[in-house]
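Now for the letters of each chain:
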Amino acid sequence: MRTQSFINYRQWTKRSTAQIMLCLLLGYSGLVKSADSLTPLELQGRQIYQQGQDGSNVTINVTLGLSNTSLSATRFACANCHGAEGEGKVEGNLRIPPITASSLLATTSRAAYDDHRLAQAISTGKSANSLPLDAAMPSYTMTKPQMTALLAYLKRLGSAIDVDPGINQDAIQLGSVLPLTGALQATGTLLKATLDACVAEVNAQGLIYGRHLSIVTADSASTGDGAATATQRLLAENNTFALLARYADDSEMNPSRAESLVPDIAPITFMPKAQTTADAARFYFLPSYVDQARALVDYGVRLPEFTQLKSKSALALIVGEQAVDKLTAERVRQQAKMHGLIIESAVYWQTGKIKPAVKALLAKKPAALFFLGNMQELRALNTLLLQTPQRPILFSLMAMLGREVLQLPNLAFSQVFLATPFADNAVAAQQLTARLKPYAVALQNPSLQSVMCAAVDVVVEGLKRSGRQLSRLKFLAALEGLRNFPASFLPPLNFSPNSKIGVQGAYILGINQQGEQISQSVWITPANAEPTKP
Amino acid sequence: MNNKWLKTVFLLLGLLLIRLEPVCAAPSIIAVESPIISENIQVENQQGHQLSFYTDLIKNKTVAINFIFTTCSSSCPLATAVFKQVQKQLGAQKIHLISISVDPNTDTPARLNTFAQQFKTATGWDFITGDRATINALLQNLEAYSADKTLHTNMVLIGNDKTHTWTRLYGLPSAEAIITAIKQVSPQP
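These protein sequence lines are chains B and R, in that order. Under our numbering, residues 1 to 534 are what the first sequence spells out, in order. Under our numbering, residues 1 to 189 are what the second sequence spells out, in order.
For reference, chain B alone in the conformation it holds in the complex:
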């Protein structure tokens, strides 16, 4: 599928302040508004209940009766013990009571709680009868306004209006962030149309537990800052159940702690964040640059062309100017070393000074170049090479170069091997075309368009598995159970509590000197000798 086009991902980082929009252009295609919903105060309390913090920089601490230590409350959120709906539970021989409004008012085993007694229980661990509670119940230190918010929320805990944002009787609202204006406007508009089409298709097929889907797409104005602002604004509206297929910038992938529980499905990035607890709500569909590059190394060292040349200068590394290039290069070195190959020659790109450095490198006549940089840098390298008789093999990543690499006139390489997560799959292309046709959306950027629809498919599956009593926590748990979920041009997705990156590795495309694709490898999952950090 030579027409498969891919956004040159690097354009994204070029920021233009002029493009940062003052007001958000929200493409509403249906709005979920519920008259009976939690007040801002109650929502603050809800966040304290669920996460042990309220997104402000005033941290809440706990003192544990069992160890007389003070710790951050984020590890000891009420919901962890008393449950998302205040239902309580038994874990081992630890019995945790329900604390819904009705159970706190019950007087079977002690006096009823009022606000004063409740605040006392939370901050000093004393029951409504002023007797010490079991030491497993922590004592919380929080400000007065935080306590007010928490108490306000406890009155709503587990009630019909105590639902996550974006859930209504008859609708679930999703949010996306795409470049609808600016340099990537054309792509962004196409992707929005695709996303809307796939959502419309779901709604045409029927309701999910009586609810339809609606989607709001905010404009990133084609900049990283714009994407961050748009995401924040979307979430501040408190009407988005989950984010999906958000066009994210590398530098913007670290949302504030406040958002850590918002499901974030298929963010378009090749730099997935390390999986900490705060990232637990993010499910990536695309493999990292690092894993794609490592798969490429595994493939490269097995090539017959390559095994013959195990001389030390056989493989040289050329690394672009961006930080991610350097990071990826480091992992390429490690991966090569794992196969017994020490990469000795390497050039780090420096605009203006690159010519002599590359010339010195080429003087060593490397048989192959591993190139980690952008298309502009590759073009410059190609020009330099054309002035020499050398025609080395090139290894690189499609996601770094963009589709343009295939249109390069006068390739100065004997062969090119490109890692890409997207397969050349005629059946998948046909299916996607058929899905989009009723909505008059053409297949112009199959890879990214397929991610849009796969994101919708995954959301629908997660919603179906969560049941009618929907919550973000249930939804996230359902997604953690997805195995072998079909995703069009990508290999099937697999998630688990340990892995939120759906696919790891790459296909390797072989390109001849005429720029024609002559081979596509099977999916390669990079071999692991992950150094464990002490």
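Note that these hints are calculated values from the structure, not bench results. All residues carry an ideal CB built from backbone N, CA and C; glycine is no exception. There may be inaccurate statements among the hints.
Below are the DSS-like pairs computed for lysine-lysine, each with C-alpha atoms no more than 25 Å apart in a straight line [what the hints assert, rightly or not]:
{"id": "1", "chain 1": "R", "residue 1": "Lys-149", "chain 2": "B", "residue 2": "Lys-500"}
{"id": "2", "chain 1": "B", "residue 1": "Lys-89", "chain 2": "R", "residue 2": "Lys-183"}
{"id": "3", "chain 1": "B", "residue 1": "Lys-365", "chain 2": "B", "residue 2": "Lys-326"}
Counterexamples of contact, computed for chain R against chain B with all Cβ distances above 12 Å [to be verified]:
{"id": "4", "residue": "Glu-33"}
{"id": "5", "residue": "Asp-56"}
{"id": "6", "residue": "Asn-60"}
{"id": "7", "residue": "Thr-71"}
{"id": "8", "residue": "Ser-75"}
{"id": "9", "residue": "Thr-80"}
{"id": "10", "residue": "Thr-106"}
{"id": "11", "residue": "Ala-137"}
{"id": "12", "residue": "Leu-142"}
Put chain R on the given structure of chain B with help from the hints.
Quick look at chain R alone, frame taken from chain B:
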């Protein structure tokens, strides 16, 4: 043999005496027979190091063992915070801490490492996982096996391999109770 019996009685008395303050329902305290741990049980710690459970972690040491899993949100963070306090108060020379995952399928070394780092654990504290069958066998050796991980009994096993003195604290014992028990099982200077 008499000697051992006497020691057990003293241990029992000692442990009962020190739990006077009525902060919480006192965990039941009993002195127990040394667990019989097969020498060829191979496990992995949070750094991914292969260890022989007996030789590397128990032999000639004073140890406190608890049972956790990283997706358990209520009692496990509590039990871990308590161990952290024990480590802080006693120092790694006096006590070797062991947290065994009762959910080895999910709890990879990397996952245990992340969990451990959240509590800023110091060296002298191993988080243990391994293949399901091995861990189950180990849990059975330690009498801590339960088919359903969410029903795992909160228990801390404290002992000294040299003196063959062991005890179990049931429930969620406080740091203080654990420290006192550790002092009881440690060889007297």
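Here is how each hint holds up against the structure:
This hinted pair checks out: Lys-149/R and Lys-500/B have alpha carbons roughly 23 Å apart, not beyond 25 Å. As the CA atoms of Lys-89/B and Lys-183/R are separated by approximately 34 Å, the hinted pair breaks the 25 Å bound. Restraint check: the Cα-Cα separation between Lys-365/B and Lys-326/B comes to about 23 Å, which is no more than 25 Å; the hinted pair holds. With a least CB separation of 22 Å from chain B, Glu-33/R remains clear of the 12 Å interface cut-off, as annotated.
Distance to chain B confirms Asp-56/R as a non-interface residue, since its nearest Cβ pair spans about 16 Å, more than 12 Å. Listed as outside the interface, Asn-60/R is consistent with that label: its C-beta sits roughly 24 Å from the nearest C-beta of chain B, beyond the 12 Å cut-off. The Cβ of Thr-71/R does not lie farther than 12 Å from every Cβ of chain B; its closest approach is about 6 Å, which violates its non-interface assignment. Here Ser-75/R does not stay apart from chain B, with its beta-carbon only about 5 Å from theirs, under the 12 Å limit.
Non-interface call for Thr-80/R relative to chain B: violated, since the shortest CB-CB distance, roughly 9 Å, does not exceed 12 Å. Some Cβ of chain B comes within 12 Å of the Cβ of Thr-106/R; the nearest lies about 5 Å off, and the non-interface call is violated. Distance check on Ala-137/R: its Cβ is at least 21 Å (rounded) from any Cβ of chain B, clearing the 12 Å threshold; non-interface status holds. Interface exclusion of Leu-142/R from chain B stands, the closest Cβ pair being 15 Å apart, more than 12 Å.
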